[in-house]
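Visitor: Here is what each chain is made of, one letter per residue.
There are 2 protein chains.
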Amino acid sequence: MKKRNVAGQFAAGPRGWLYFDANSIGAMPKIAPRRMAKLLAEWQALRRRGWSESDWLDAPRRLGDKLAPVIGAKKGSVIVGDSTSVNLHKALAMAAGLRRGRRVIVSEAGTFPTDLYVAQQVARRYRCRLVLVKDPSELDAAIDRRTAVVYLSHTDYRTGHRHDLRAVTRRAHARGALTVWDLSHSAGAVATDLASGDADFAVGCGYKYLCGGPGAPGYLYVAPRLQARVEPAFQGWFGHAEPMAFEPRFRAARGIQRHAVGTPAVAGNVLFEAALDVFTRVNPAELFRKHAALSQLLISLVPEELILASPSDPHRRGGFVAFRHRQAEALVEELQARRVVASVRKPNIVRFGLSPLYHRETDVRELARRLHAMLD
Amino acid sequence: MKKRNVAGQFAAGPRGWLYFDANSIGAMPKIAPRRMAKLLAEWQALRRRGWSESDWLDAPRRLGDKLAPVIGAKKGSVIVGDSTSVNLHKALAMAAGLRRGRRVIVSEAGTFPTDLYVAQQVARRYRCRLVLVKDPSELDAAIDRRTAVVYLSHTDYRTGHRHDLRAVTRRAHARGALTVWDLSHSAGAVATDLASGDADFAVGCGYKYLCGGPGAPGYLYVAPRLQARVEPAFQGWFGHAEPMAFEPRFRAARGIQRHAVGTPAVAGNVLFEAALDVFTRVNPAELFRKHAALSQLLISLVPEELILASPSDPHRRGGFVAFRHRQAEALVEELQARRVVASVRKPNIVRFGLSPLYHRETDVRELARRLHAMLD
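From first to last, the protein sequence lines stand for chains A and B.
When we follow the working numbering, the leftmost residue of the first sequence carries the number 1, and every step to the right adds one.
When we follow the working numbering, the leftmost residue of the second sequence carries the number 377, and every step to the right adds one.
Hints may be right or wrong, so weigh each one.
[Claimed, not checked] Derived DSBU-like pairs: lysine-lysine, alpha-carbon spacing no greater than 30 Å straight-line:
1) K75/A / K38/A
2) K75/A / K30/A
3) K442/B / K38/A
4) K414/B / K66/A
5) K414/B / K30/A
6) K66/A / K30/A
7) K510/B / K38/A
8) K38/A / K406/B
None of these hints come from the bench; they were simulated from the model.
Whole structure, please, built from the sequences with the hints as guidance.
Guide: This is the structure we're talking about:
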């Protein structure tokens, strides 16, 4: 029986503070310090062989399997490790490599900058043109028979607009293109439907709604149907079929493991796993329903000076709700003085990141109360 | 005044155990748990803005500057982050890119497997032939005008043979080639002379003699004279000149920062910095002299059944001393039963990794005593 409420699994912040910056870093699971203490004790005591006798080396796949249901993926299709940006390089290079001969990568002009930097470089390397649409509505027309890859942030980091992954993927596939999704502003808060939506590749970061801790490792999803066809973008020790056989020639591991590269980031994995173990106690579908309810409540309660910048349909929104305000920066500073943490994106966007793991209705009501008190 | 002895800065392992596996994971600095507790408290309390108000984002360069004197580099030429394997991809791709048109990468058949896997892939991408010498003595003849890059493990992971970085680099440069060095089995134990030896690129791992903890981040060195000429191998957010300006086009940061890619691995950096702060208390040259003395002592004391596989000149050895023994595997297991941790590399190599930070003469004498007791 899955529990409905796991808010108690997270460490409380300073008294009286409201934290709505889950889009920047999610809260700390209470168990995290104990898990870390165990790791440090192992390190100290490893007058035995640390690498061979611990569960450190299995972590990338083990964490991937724990993460899979949260992002709508099947076991064996997700591997945890490397930064989001490095995973973007892997995913986009592999997708472009599978569609060699096609000459266009389609993305959005307003996508997250690091995604653009990766796209600019991979496009040069594969002699592709990068076509950037200004608005999601232009996407359909931009995808055609020349398109190699459709490369999108699942949720826009400014407006909170969430793409219909299934519909975009269907369109891309119908025209022979592949899809790469950056789930950073969605995963852990809203449904991402990787398997049911037939996505090809996806990546994301571990430290936002997934609560994996500061600078947590990122992750990579490769659709099972592509796993045997695609060579790893970066060959490395831990993507080898037998890393401990020290073979001179690279032989890719089966399945998702081949996309591992170097030694796992053990400390980062320990913290991330503490959070993933909270996720395994909840039903993802219920969690996403709770997120939708909290965000609808917030929208219904904020003062009218805050103009909704996100879509009004919760199925078209990602992890945060964005509002426009003429003095967004001043507003967020003033909120901080009132012990509310939110975030701003220039010129006029205020974002409230909602975590369905630990935010409660009462937090949202208190946020609205403070907003009203401030703007009155 | 630099201290001579910092052994007390490291946490003691289980009583009676001798740990000579520094080549696998170095010991834990005593301060590490306190530093980690501080990070976790910050995470919990970050009902303030974690990223903008912490020192997390500066860590890659700050740690790089602390590491620089340990590996013979100048400040501003080392960046900490990503795994060793990902850094190998960066370094080799950049070096090959700077020597486009040349068609050969020279390495060693017996170099560490992950280095070979990276070399095989980068060679394919740059249409280079990979020439693998069987013995360091063949290196000179293998480097010629077709050579783009000489790509070597500074210390061989089986024999402990350490290349003469300065001489190899001089030879490579004389023939117009660049050098890429993997310092993993040297850094923190012996001199690596990057700046004085005029190396072009180097990488290494943080968790062996550098004591950065399980799966600590790796690092990348780029010679200052090349920094302005070379574009980053993987464009990413944190290699941008102004990461927080969210510019749509990539503009490389000045200097070594351009080689950062994604969000720093904060937890891994905190542990690594605890170790680097111990290194800043010692004089590297003295440390390396101590290492040479300890390893000479070990060689002089071991039973004659152990045949030295490493060079007899300490300047030609890396962080560990390797011996051949017909029953290497059984010997290492039997040592473990006698509370000595060493490591084996098939078929017949026994390795003892010596850390000049925390190993004392008395540890080496006790190791020799147990070896004699065992083999008598």
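Visitor: Each of the hints needs a verdict: does it hold here or not?
Guide: Going through the hints against the structure:
Proximity of K75/A to K38/A is assessed by CA-CA distance (about 27 Å); at most 30 Å being required, the pair is judged to hold. Our distance criterion of 30 Å between C-alpha atoms is met by K75/A and K30/A, whose separation comes to about 26 Å. Simply put, K442/B and K38/A have alpha-carbon atoms about 28 Å apart, close enough for the 30 Å limit, and the pair holds. A distance of roughly 28 Å separates the Cα atoms of K414/B and K66/A; the hinted pair therefore holds under the 30 Å criterion.
With a C-alpha separation of about 15 Å, the suggested pairing of K414/B with K30/A holds against the 30 Å cut-off. The straight-line distance between the Cα atoms of K66/A and K30/A is roughly 18 Å, inside the 30 Å bound, and the hint therefore holds. For the hint pairing K510/B with K38/A, the CA-to-CA distance comes to about 43 Å; that exceeds 30 Å, so the pair is violated. Distance check on the hinted pair: K38/A and K406/B sit about 15 Å apart at the alpha-carbon level, within 30 Å; holds.
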